[in-house]
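**Student:** Here the protein sequences line up with chains R and A, keeping their order.
Its first residue numbered -11, the first sequence is counted upward by one per residue in the numbering used here.
Its first residue numbered -11, the second sequence is counted upward by one per residue in the numbering used here.
Please keep in mind that the hints were generated in silico from the structure rather than gathered at the bench.
Please note: incorrect hints may appear among the correct ones.
If you want the footprint, here are the derived chain A segments under chain R, 3+ residues with CB under 8 Å [stated by the list, open to error]:
| hint | region |
| --- | --- |
| 1 | 262 to 272 |
| 2 | 292 to 299 |
| 3 | 337 to 351 |
| 4 | 414 to 424 |
Okay, the calculated bits of chain R under chain A, using three or more residues with CB under 8 Å as the criterion [as the list claims (entries may be wrong)]:
| hint | region |
| --- | --- |
| 5 | 13 to 23 |
| 6 | 402 to 408 |
Positions of the beta carbon are idealized from the N, C-alpha and C atoms, including for glycine.
2 protein chains.
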Amino acid sequence: MSQYQAPIEDICFNLFDVWHLNDYWQQQSELQQQLDTDTAKAIVEEAAKICEQQIAPFSMLADHQGVTLQGTEVTVPAHYHAAYQSLCEGGWTGLSGDVAYGGMGMPKALSMMVDEMLCSADIAFSLYPGLTAGACVALLQHASEDIKSVYLPKLYSGEWSATMCLTESHAGTDLGIMRTTAKPQDDGSYKLNGSKIFITAGEHDLTSNIVHLVLAKLPDAPAGSRGISLFIVPKYLPANTNTNNGTVRNGVAVGSIEHKMGINGSATCVLNFDNAVGYLIGQPNRGLACMFTMMNYERLSMGSQGLGAAERAYQNALAYAKDRLQGRETEKDASKAEPIIVHADVRRMLLNIKAMNEAGRTFGTWVASLLDKAKYDNCQQSAAIANLLTPVTKAFMTDQGFSACVTAQQVFGGHGYIKEWGMEQLVRDARIAQIYEGTNGIQALDFMQRKVIADQGKVLSALLATIRSEINSHTFTHSTVLLTYITKVEQILALLLTQDSRSQNGNAYDFLNLVSYILYGYMWYKTSLALDGNKHSANFIAAKTETATYFYQRILPKADGYVAILQQSPTVMDNIAIDQF
Amino acid sequence: MSQYQAPIEDICFNLFDVWHLNDYWQQQSELQQQLDTDTAKAIVEEAAKICEQQIAPFSMLADHQGVTLQGTEVTVPAHYHAAYQSLCEGGWTGLSGDVAYGGMGMPKALSMMVDEMLCSADIAFSLYPGLTAGACVALLQHASEDIKSVYLPKLYSGEWSATMCLTESHAGTDLGIMRTTAKPQDDGSYKLNGSKIFITAGEHDLTSNIVHLVLAKLPDAPAGSRGISLFIVPKYLPANTNTNNGTVRNGVAVGSIEHKMGINGSATCVLNFDNAVGYLIGQPNRGLACMFTMMNYERLSMGSQGLGAAERAYQNALAYAKDRLQGRETEKDASKAEPIIVHADVRRMLLNIKAMNEAGRTFGTWVASLLDKAKYDNCQQSAAIANLLTPVTKAFMTDQGFSACVTAQQVFGGHGYIKEWGMEQLVRDARIAQIYEGTNGIQALDFMQRKVIADQGKVLSALLATIRSEINSHTFTHSTVLLTYITKVEQILALLLTQDSRSQNGNAYDFLNLVSYILYGYMWYKTSLALDGNKHSANFIAAKTETATYFYQRILPKADGYVAILQQSPTVMDNIAIDQF
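Whole structure, please, built from the sequences with the hints as guidance.
**Tutor:** The structure is reproduced here in structure tokens:
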């Protein structure tokens, strides 16, 4: 595997030239003092160093070592300790945390870039700080001041880590049927009993305490998802609420760890709650909404996982394609071979990855910046678009990430299948992001019903209208093509709005894909506008310009397949009886 | 994982009702005495028993145990011995072998069905008999009578096994630059020196001898692929050419075994040849052509690997979807959940797999029957179409097989990522078939240049014309749709014929996919014609009819994406300099 090099130039291009985030940051009172272009770049470069030097070189070792369970103790790969310590010491674990509790207060657009690099370096490792950051978002928004003051500083500093405990063996997507219970105690606390599975970082030896955010049911809870409450259940309880040292062992313990396809450095635990002491977060029976604050944060991070793995896979495949001598295009001597990057089909594979990765990075930066605008300006329009795009980020970026890893593995031929090259690990690791935090099928349903149909397509239509208006104001080489596809999406949207919900659900996955390809077209439009001969090298401009053309000519037309499918009704799926499958 | 059940009904439907192979067999003097519908069905059922009972239940164990190397001995998973013995005792190892040398003389259409079942049961296991069968085809066609009489009986009986030794560490696709040498000896034999990698079943403890078919270069060989010769190099040399007992250890030994993403029960070896004694097969410097006899056989078997894994994955996903309770469509009680097969998006996933698997089985049977017609009738037209379709079988069926496994894994949600459910193994195992025996990118180039462009699209055009004529003679519900797509392929073909070879190569992969989808449409046409209320149950007919509709409405339209891509020139790929990637 080649040495990972963080794509710093492209990250800065997206932050500053495509999305002009420095200008935005300078308008925000909370950011203008501490964040300008140079600071942001320095932050990216420092994070890149840790990823490149302390994490990425050992990701195959982490896969090989995996995690081990002895008794109730879980051991992570040995080098994770030093790498995690570096994250803590640099303040990276609190990068986007609230300054009032010791966080660095950086915007999501910046922390998402760091997420991508961490995921390129080692997805399994990235989950330890990643889940903590998500939990902090939920606590900050929903927890009491007492809880926040005890837990947030320890979580931001990385001294403690956090989990999200949702799934039970019989209840994954359908959380409403969960069985874990929480019984109110006289002192205002709760006693939790039950068992949770698939708990990432549920037990490990990286931190002195682990804080579980747990969904459970109160005794009088209504049936279904409206009867779920959220609790904070630390592994070690602070001795009293005024100290923030966890000292008393709580009734939560790991039962077993899962043996998985990949992300072997991540401890995926069964956690048993046996009269574990917990504290309610938010309102009774409103826990799912609180947890979704964290879940939505995680869903964006999933996009970073897809992109991170795809970027690493691309770098490896590119290095191999330049190095591997096989066949010839211009060489006449049959005993001499040329690097395989000269072959048309190898270029097809590399460009398919490159064009989607770079659009993905632009897309991720966009969605993160919308969340920032929702937070700092309380901009409802930005919040609505971020809400619309969250399932797209999760599903499309992870599907594309996996696909990119598979394609990059293919560039290696037989060597791609051998463990020592590291490509098969990227495929195994990237696969999970399509599954967890709500499968991509669930994302598609969320997109279709909650994000599109619920408001009769209003937010999506407005977004498409804005894009059309932008393109009409500032045309570019591929304006006509992109406008044509926007019209196609609008026509399909109009058709979907006439359908019953069953048909809409049957169309959800293909519609999410259709919209995603067109939005990636919009990303290449924004990229094209941002190219400036005074700021960028001729090589950079040429690469972006031609990759954009490749996207419009050789990738975007895939959307025609989705259009053609969506023009047909999916009702045939219900003509097949269960015993005819 | 659910218990594998061989799809005997669908296999027989394809053999007898879709392709009427019993009628064909009865017209062949070599087959009519020994093969009728009942015999064929009995053969399929007997093979199914071994696959269902002796191989499939232990495939996860085989993955877990893997192969081990101690010194120069390789040990396969323990239960492989009994399963392999059953294959030998039943004559399965010589199923398609020539009767003159102890084979059973069965047609390819039948042995391909057995291949599929073996691959469903355990791809890694299937490779041991699979490579032997391929080697026998090459030996039968190219070896001297002396060689054939010594080796074929032992290989057909399964007492010995065989390998194909092509790849070297620096030479995979580009075999012309290989370095292994063969030096002529006074007794007519050769001494081989060199090292080969990725040798499937290169060393193992299933058979008493292993026969290597090795590509090497003679001292005076011309450079490139026209300077390669084929040799037979047994692990144990027969004491003299008149005995067929291998007794003298030859100078070939395993150097190491590869650690792979999957097919862990298959021993993938580095083989070192140190003055190994070999015998020339076929003409000097014409070895590549001889080896391609075997390679083409293997490429069809790759199709069976894709289909076999996909069938197993489908059965598992279907069982899970019927069993797993999550969410509700008609149930009103929020505390009760329904099987996930009620959900539209789960049906989408299952039907995408089912429609492609069944078309794939029809397709594989077709290609195999064309090979049979080329063999028994010396039918040049059938041979030409089989030749055209070989890379399609290899590439499209393995791409679809992998995709089906990934989709089936997705049906399981988080459980699909956990080893104990077996789905992640299917994904890992199916992945290799896209890579070995010529990567799928190489298949696409072969299809484009050697199979389509070389004859100016003549065979492909004739095939499309035949299909159109068939549809016009016997119309069916989806005639118009299918005819429209055939016209689209013809238009793209006309366009390709005007392009330079560089553009054609850039278009190769997408064109192979386009043609494949349309041919799968033809398969569903043939299926629809074969449904007969007197022979098939109403359930069977309904399932096929609705799945066909699903294919035409929800899968075939994907072809529009490929059409749209192919209407654009791929030359943009060459506008990007290597340092701009």
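**Student:** So, for every hint listed, does it hold in this structure?
**Tutor:** Hint-by-hint comparison with the structure:
Coverage of a stretch by a chain is defined here by at least three residues with a beta carbon nearer than 8 Å to that chain's beta carbons; for the region 262 to 272 of chain A and chain R the count is 0, and the condition is violated. Only residues whose beta carbon comes within less than 8 Å of a beta carbon in chain R count, and the region 292 to 299 of chain A has 0; fewer than three means the coverage is violated. Here the region 337 to 351 of chain A counts 4 residues with a CB under 8 Å from a CB of chain R, which clears the bar of 3, and the coverage holds. Counting residues of the region 414 to 424 of chain A whose beta carbon lies closer than 8 Å to any beta carbon of chain R gives 7, which reaches the threshold of three, so the coverage claim holds.
Proximity of the region 13 to 23 of chain R to chain A, defined as three or more residues with a beta carbon under 8 Å from a beta carbon of that chain, is not established by the 0 residues found. Judged by the Cβ-Cβ criterion of 8 Å, the region 402 to 408 of chain R is covered by chain A as claimed, because 6 of its residues qualify and three suffice.
In this structure, the earlier hints numbered 1, 2, 5 are contradicted, and the remaining ones agree with it.
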